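Given only the sequences and the hints, what does the whole structure look like? Please build it.
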Amino acid sequence: MSFQPVFTLFWENVKESIQNGTYAKLTLAKTIGDTELKNIYVRPVLLENDVFSLSVTARYKTEEVESFHTLDEAFIILAPYMNNPFLTALLFTTENDITFKLNKKRVGSIIEQAPTFKNASDVILEMKAKGII
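Counting from 1, one number per residue, gives the positions in the sequence shown under my numbering.
Note that these hints are calculated values from the structure, not bench results. Please read all numbers here as calculations on a predicted model, not as lab measurements. Errors might be hidden in some of the hints.
[Claimed, not checked] Label-pair distances were calculated between CB atoms; the ranges are:
#, residue 1, residue 2, range
1, E64, K118, 42 to 52 Å
2, P80, S55, 16 to 26 Å
3, G131, N103, 37 to 47 Å
4, K15, E126, 10 to 20 Å
5, S2, K130, 16 to 26 Å
[To be verified] Mimicking DSSO-like on lysine-lysine, the simulated pairs with C-alpha atoms at most 30 Å apart in a straight line are:
#, residue 1, residue 2
6, K30, K15
7, K128, K15
8, K61, K130
9, K128, K61
Ideal Cβ positions, reconstructed from N, Cα and C, are used throughout, including at glycine.
This is the structure in structure tokens:
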């Protein structure tokens, strides 16, 4: 069974947390073996004219590469990194921490835990104040 439907469900939680103003951060981590790409961090940003975007920062052994994308574009960019090289995606919200995990058989699961962060990201708070979300 493919893990893609479970990752799509996980991404719905990402969208929901942004719309609800509870999003703190998203990290792709736990690589398979020693890879050049170590982590991917996703954080919200407001571009010119209060346009919402996601900053996707790929952290390699020797450099960091940042790019900006819409919510839907970010999903298309991040999905292929699941299972190659990442086994875990962690969504931190003010309501709970949601973890997407792939096991040894590459079956996806979603686990919810108590929240790590008390406050949403500064950009999410700014968007709430401006009435964008």
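Consistency of the hints with the structure:
For the pair E64 and K118, the beta carbons lie near 27 Å from each other, so the given range of 42 to 52 Å is not met. Restraint check, P80 to S55: a C-beta distance of roughly 19 Å satisfies the suggested window 16 to 26 Å. In this structure the hint that G131 and N103 lie 37 to 47 Å apart at CB holds, the actual value being about 42 Å. In this structure the supplied range 10 to 20 Å holds for K15 paired with E126, their Cβ-Cβ distance being about 19 Å.
Restraint check, S2 to K130: a C-beta distance of roughly 39 Å breaks the suggested window 16 to 26 Å. At most 30 Å may separate the alpha-carbon atoms for a hinted pair to count; K30 and K15 meet this at roughly 23 Å. Our distance criterion of 30 Å between C-alpha atoms is met by K128 and K15, whose separation comes to about 15 Å. The suggested pairing of K61 with K130 is violated, with an alpha-carbon distance near 38 Å, which exceeds 30 Å.
Note on K128 and K61: the hinted pairing is violated, with a Cα-Cα distance of about 36 Å set against a maximum of 30 Å.
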